[in-house]
Amino acid sequence: MTMIGWLQIILYCVIVVALTKPLGWYMTRVFNGERTLLSPVLRPIEAGIYWISGVDERREQHWLTYTVAMLLFHVGGFLIIYGVMRLQAVLPFNPAGQSAVAEDLSFNTAISFITNTNWQNYGGESTISYLVQMLGLTHQNFLSAATGIALAVALIRGFSRASMRTVGNFWVDVTRTTLYVLLPICVVYTLFLVWQGIPQTLGDYVEATTLEGAKQTIAVGPVASQVAIKMLGTNGGGFFNANAAHPFENPTALSNFVQMLSIFTLGAALTNVFGRMVGNQRQGFAILAVMGVLFVAGVAVTYWAEASGTSTLQALGLTGGNMEGKEVRFGIVASSLFAVITTAASCGAVNAMHDSFTALGGMIPLINMQLGEIIIGGVGAGLYGMLLFVVLAIFVAGLMVGRTPEYVGKKIEAREVKMAMLAILVLPLMYLGWTAVGVVYPAAVASMANAGPHGFTEVLYAFTSATGNNGSAFAGLTGNTLFYNLTLASAMFVGRFFMIVPAMAIVGSLAAKKSIPPSAGTFPTTGGLFVGLVVGVILIIGGLTFFPALALGPIVEHLAMNAAQVF
Amino acid sequence: MLREIRPAIVLLLVLTAITGIAYPLAMTAIAGAIFPAQAQGSLIEKDGKVVGSALIGQEFKDDKYFHGRLSATLAPDPNDSTKTVSAPYNAANSGGSNLGPTSKALADRLKEDVDELKAENPNAAVPVDLVTTSASGLDPDISPEAAQFQVPRVAKARNMPEDAVKQLVASNVQGRFLGLLGEPHVNVLALNLALDRAAAK
Chain A
-5 MTMIGWLQII LYCVIVVALT KPLGWYMTRV FNGERTLLSP VLRPIEAGIY WISGVDERRE
55 QHWLTYTVAM LLFHVGGFLI IYGVMRLQAV LPFNPAGQSA VAEDLSFNTA ISFITNTNWQ
115 NYGGESTISY LVQMLGLTHQ NFLSAATGIA LAVALIRGFS RASMRTVGNF WVDVTRTTLY
175 VLLPICVVYT LFLVWQGIPQ TLGDYVEATT LEGAKQTIAV GPVASQVAIK MLGTNGGGFF
235 NANAAHPFEN PTALSNFVQM LSIFTLGAAL TNVFGRMVGN QRQGFAILAV MGVLFVAGVA
295 VTYWAEASGT STLQALGLTG GNMEGKEVRF GIVASSLFAV ITTAASCGAV NAMHDSFTAL
355 GGMIPLINMQ LGEIIIGGVG AGLYGMLLFV VLAIFVAGLM VGRTPEYVGK KIEAREVKMA
415 MLAILVLPLM YLGWTAVGVV YPAAVASMAN AGPHGFTEVL YAFTSATGNN GSAFAGLTGN
475 TLFYNLTLAS AMFVGRFFMI VPAMAIVGSL AAKKSIPPSA GTFPTTGGLF VGLVVGVILI
535 IGGLTFFPAL ALGPIVEHLA MNAAQVF
Chain C
649 MLREIRPAIV LLLVLTAITG IAYPLAMTAI AGAIFPAQAQ GSLIEKDGKV VGSALIGQEF
709 KDDKYFHGRL SATLAPDPND STKTVSAPYN AANSGGSNLG PTSKALADRL KEDVDELKAE
769 NPNAAVPVDL VTTSASGLDP DISPEAAQFQ VPRVAKARNM PEDAVKQLVA SNVQGRFLGL
829 LGEPHVNVLA LNLALDRAAA K
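Residue numbers (my numbering), protein chains in the order written: chain A, -5 to 561; chain C, 649 to 849.
If we strip away everything but chain C, and leave its shape as in the complex, we get (with noise of 0.2 Å):
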């Protein structure tokens, strides 16, 4: 049995360094060769500026924007260090509600965001997953039913016309992979984005 000693301490030091040095830092430096920008984390770019990443859902709350899905994220209260405070698409701190299927507080949640979209707009169903939180708090899209939902909302805050609003989001739909896998989505901040853009127009 003394002869396996040796080998616990020197091939157990060997394989970390091997796969825990060795491999994540060859691997940052390849894949950063060669897929740059994905490397670094999507990151977009605006006048210079850093206004999100292409993956990462941030918070909309002005009209004029599509808003996307409700973010259960939470930050360190900054009065009291024990205790957390909501603080909705922190990237830094990803998470879900975590509330159950027969959850009061969920149950009030929805019914309270049901009834608000409903007189916002009264000739839609409600999508479901605008009044559902994401798993990671971070979630970049909508669907497409979401998108449309909230286009007069949006052409009335920015004086455009309906249809224009709404060929925005057909083209911003991405479909499933290959017409199989996956939902399709529309992400919020490249939406949000070509909106700007053809409002400068």
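Okay, chain A solo, but in the shape it has when bound (with noise of 0.2 Å):
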């Protein structure tokens, strides 16, 4: 470790701090429909989006419709994103011409990118043509991040709204986030990424001659565009296999920079949204605290790993750290940092490969998914299952005096609790489920990349991603296989739907109740006992979920590597 690798870490978090502000009081402003700096340009789009949809935008609903309409939205993205990749060949676009995708991998791929997974079971330039990355995947980049933050903007009303029956109009929501905070960003984005280098062309794969005279098939495309919603909406699927280690998904280290940056801005944003929609920031930056501390215990961790290195490389006399499936422009400290942000947000892009990190360096990102991608989290999805967990640890502290809990003027009751622990307990039943039979079941097995406990970790980090909708991967395990597509599917699907859905419910019984005004009784949620209450509850909750599995992976791995073992 070094002082200008921590500097590095030091900047982003700042950064990323000072842009909650302002970006969480313009997406408040958007959310509230009111007037914004591009409303002139946007709003004449946006009635006409509604008019030829016939959607009444002051019409609310109720939270059983939202969610209906938010699921119906979801099964035409899977028909649009199977379709496309059934009928590649024939279609336009295609200059690589790469021929239909097999009915499991257009399967897997269509549910992996409607639940904002994005796993790559598809080896972007090697698989999918143009269209493909245009019209299946960048469209659902954008709108599963805007389905996220709808929901979230619709869970924040639940707390913010006293007796009411609906929580927002969910096209509305969707439209608004699409129109004035992803697509305005995204533009300018883009053009960033351009500049470093990143692609932006319809033209075939370039065809080169290197200077030892060999044929090289360069593969280009409308890159630039694909890679600024993949980071800015917590996708993370890749234009090119190998992500944003690929020069161009991620030529610069200025780029790799911005890139880290547009994954948490959003998701950090929303807490300051929560917090004025509730009529008090500090609420919103006690959570955003919850959430740096689990952070920075883990960027700590994987830095650590990373740098010392490997008993193997240090026994050869290799200093400098972990480079194996690390970029050189990158190093030991942006890899480690974008590994833990990528898996803190449910980004799951990745510019290192986490296969061939070290056992600690790599366990601290399969906890960060294992926790529910809570700390920033998915754009909405870390929001909502931050305020699950929040509603558990007022319950337990509620427990402990005897009082019936409160969180910011809300009664909590059984109802709430009861979906809030249906929602985290589905999680694990997925991950730990699914990695039991990956294990034992022969045609599982043979997909492992690796010998001895790193093959089981290889599982367990993909039914992990899939599960928390991450979509990195330890990425020698080979999962285009049916049997991996089909139960990464169903982990990507549950994982996704089977947190919605509970969560929505909340929403609809909090929005219905009286706000009750704070009295000398009410358990502060702005102050240092609050957070570590919270901070306490997920590590704990966390712990006793996964703490056996990971020792059967990466932990007892690290010790296999100290005592120079290799399998």
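Don't read these hints as lab results, they were simulated from the structure.
Predicted model only: the values in this text are computed from it and were never measured.
Incorrect hints may have been included.
[Claimed, not checked] In silico lysine-lysine, DSSO-like type, Cα no more than 27 Å apart, as pairs:
| # | chain 1 | residue 1 | chain 2 | residue 2 |
| --- | --- | --- | --- | --- |
| 1 | C | Lys694 | C | Lys709 |
| 2 | C | Lys709 | C | Lys759 |
| 3 | A | Lys209 | C | Lys731 |
| 4 | C | Lys766 | C | Lys697 |
| 5 | A | Lys508 | A | Lys412 |
| 6 | A | Lys405 | A | Lys508 |
| 7 | C | Lys709 | C | Lys804 |
| 8 | C | Lys697 | C | Lys709 |
| 9 | A | Lys209 | C | Lys712 |
| 10 | A | Lys209 | C | Lys694 |
| 11 | C | Lys766 | C | Lys804 |
| 12 | C | Lys752 | A | Lys209 |
| 13 | C | Lys759 | C | Lys712 |
| 14 | C | Lys709 | A | Lys209 |
Work from the hints to combine the two standalone chains into their complex.
As structure tokens, this is what we get:
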């Protein structure tokens, strides 16, 4: 670890925090339907969209209607992706002549993109056409992100409203998020990325003759426009197989830094939106503080582990850290930081190969996902995941003092706690359950690339990433098999919708409740005690569910590595 | 609920047209006009022929060139399309080795390569980036130490004074952005092109 490494990490944290308030201010105005700087340009487009699709923007929806609208929207999104992948061979924008994608891979990819997972069983430049990249993947990067934000806003309204039957209008929330938040940022961001060196072309793959006379086919494409939303929307599905490690997806240290910022900005700003909408910004800062504590701890461990290297490297006298599967322009610190960020949020883009990380360095990304990606989290998904833990923490605090727990003026009662527990328990059921199958079913075992405990971790990481809608991988695992295409799709589906529906049920029940003014007996939820309590609940619930699995994977591998054992 | 069906279809199609077609095509047109070189892939031409991209690494095996990092990229086996074969710096199929920290295959490979490099230049410590594979398999860069390490071999193969080659390396080192972000690095293709130019003089 070096001083300049830590300075990069500190600079990153400072900028994320500094962007939270202004962006939160802007987004709050957008979600409340107020005028913004961009309204003169975008308002006519927005009104036109409502008119043509028959949406009455003043009519709000009951939580169930809101949820059904969201689900219908996903069914359509699924059909579009599945359709263009199956038909890509006969559709335009296919200069590399890619043939139709197989049924199971198309199914997996379609589920993957509508759930904001963006797991890469597809090979990017080697499997899919430009049309699929744009119409299938880029568009769903926008819409699954907009959906996540819309749901988080609905949840915030659940807390901020009193005695109301409705929670907002899903169509309006999705349209506003797309038009006023995601698109304008992406337009500027795409140009920045192209300036840094990311291609944006519909031309053929380039045939080059290298200095030594060999032929090199260089894959290009409309990359920058997809990378912008892939990061901003915490989607993470790469244009190329190697994702953000590919020099065409992430050419410079500056592009890397900005990409890391764009993973966190919207999610962090949503904590501020929460504070503003419930009438006390400090409520939002307290949530951000919980996230910050967990984040910095994770960065420190991964950075230390990667900078220390492995016993194999040390035995050969190789210093400079674990550079296997990392790029020189990023080095140890930017690779470690990126890995923690991408798994803290549900992004899943990678700028280094997590499979080649040291045992402990790779364990932190795993833990981040197993905690439910509540450290900033996916755009929207992180906030509602975190608020589920807040509900539990408040419940535990209420039990300690024997009072009905309250949070931002709402009584937290049996229904909310049951729904929160349902959402939190369904995740380990998926990733632990499928991992158990994956390590005994012969066809699945054959997919492991590494032997010993590392092979187990590959399987655990895959199902954790799918359930958490992350999309990063220990990529040695051969995921494009019938078994993994189907089981991972089921994990992604359950991980997304069995979290959303209980969360929306909480929204409905909270919005209907009366708001109670704080009294002397109210547990203050803006101070250090509250932050500590939430962190504690997260770590205890998390620790109890997945510690045994970690002991079988990264922990035993770390011990083996220190004993210079190889597999 | 039934009145949600129409927006589910129409709104989805409208937003798909905006984000999936209009946005990428408009960005392609604008980016192509403002940054034409980058938008095409930062291609480098020599004598009218494309020799590569400034951002994409390529394989160098000849002693007279600086070598890049190891690349674990694959290509379909020409004899059996269900299998893959090693194809370093395949820029149409990026990827890493994905070998873990306790992998025997990785330990064996490291040992073999370290021994080879030690024989080549016994006077310097072997730089870690010269014996590890990059994440993309297309890393265009090596560390300044890795470039300096190869100076004796390159100078000998080209019959150039070591100092001249050393200077060429030094002038090709790109530092951290604003002195802070990223790591110092040397673009291998740019360095080798500069080397060819220097040798031609």
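Hint check results:
Distance restraint check for Lys694(C) and Lys709(C): the Cα-Cα separation of roughly 20 Å lies within the 27 Å cut-off, and the hinted pair is therefore satisfied. Of the supplied pair hints, the one linking Lys709(C) and Lys759(C) holds, its CA atoms being roughly 19 Å apart against a limit of 27 Å. Between Lys209(A) and Lys731(C), the direct Cα distance comes to roughly 21 Å. Compliance with the 27 Å bound is thereby established for this hinted pair. Restraint check for Lys766(C) and Lys697(C): not satisfied, since their Cα atoms lie roughly 37 Å apart, outside the 27 Å limit.
Distance restraint check for Lys508(A) and Lys412(A): the Cα-Cα separation of roughly 20 Å lies within the 27 Å cut-off, and the hinted pair is therefore satisfied. Between Lys405(A) and Lys508(A) the alpha-carbon distance is near 8 Å, which keeps this suggested pair within the 27 Å criterion. At roughly 15 Å between alpha-carbon atoms, Lys709(C) and Lys804(C) fall within 27 Å of each other, so this suggested pair holds. This hinted pair checks out: Lys697(C) and Lys709(C) have alpha carbons roughly 21 Å apart, not beyond 27 Å.
For the proposed pair Lys209(A) and Lys712(C), the alpha carbon gap of about 19 Å is at most 27 Å, so the pair holds. For the hint pairing Lys209(A) with Lys694(C), the CA-to-CA distance comes to about 15 Å; that is within 27 Å, so the pair holds. Under the criterion of a C-alpha separation no larger than 27 Å, the hint pairing Lys766(C) with Lys804(C) is consistent with the structure, at around 17 Å. For the suggested pair Lys752(C) and Lys209(A), the alpha carbons sit about 33 Å apart, so the restraint of at most 27 Å is broken.
With a CA separation close to 24 Å, the supplied pair Lys759(C) and Lys712(C) stays within the 27 Å bound. With a C-alpha separation of about 14 Å, the suggested pairing of Lys709(C) with Lys209(A) holds against the 27 Å cut-off.
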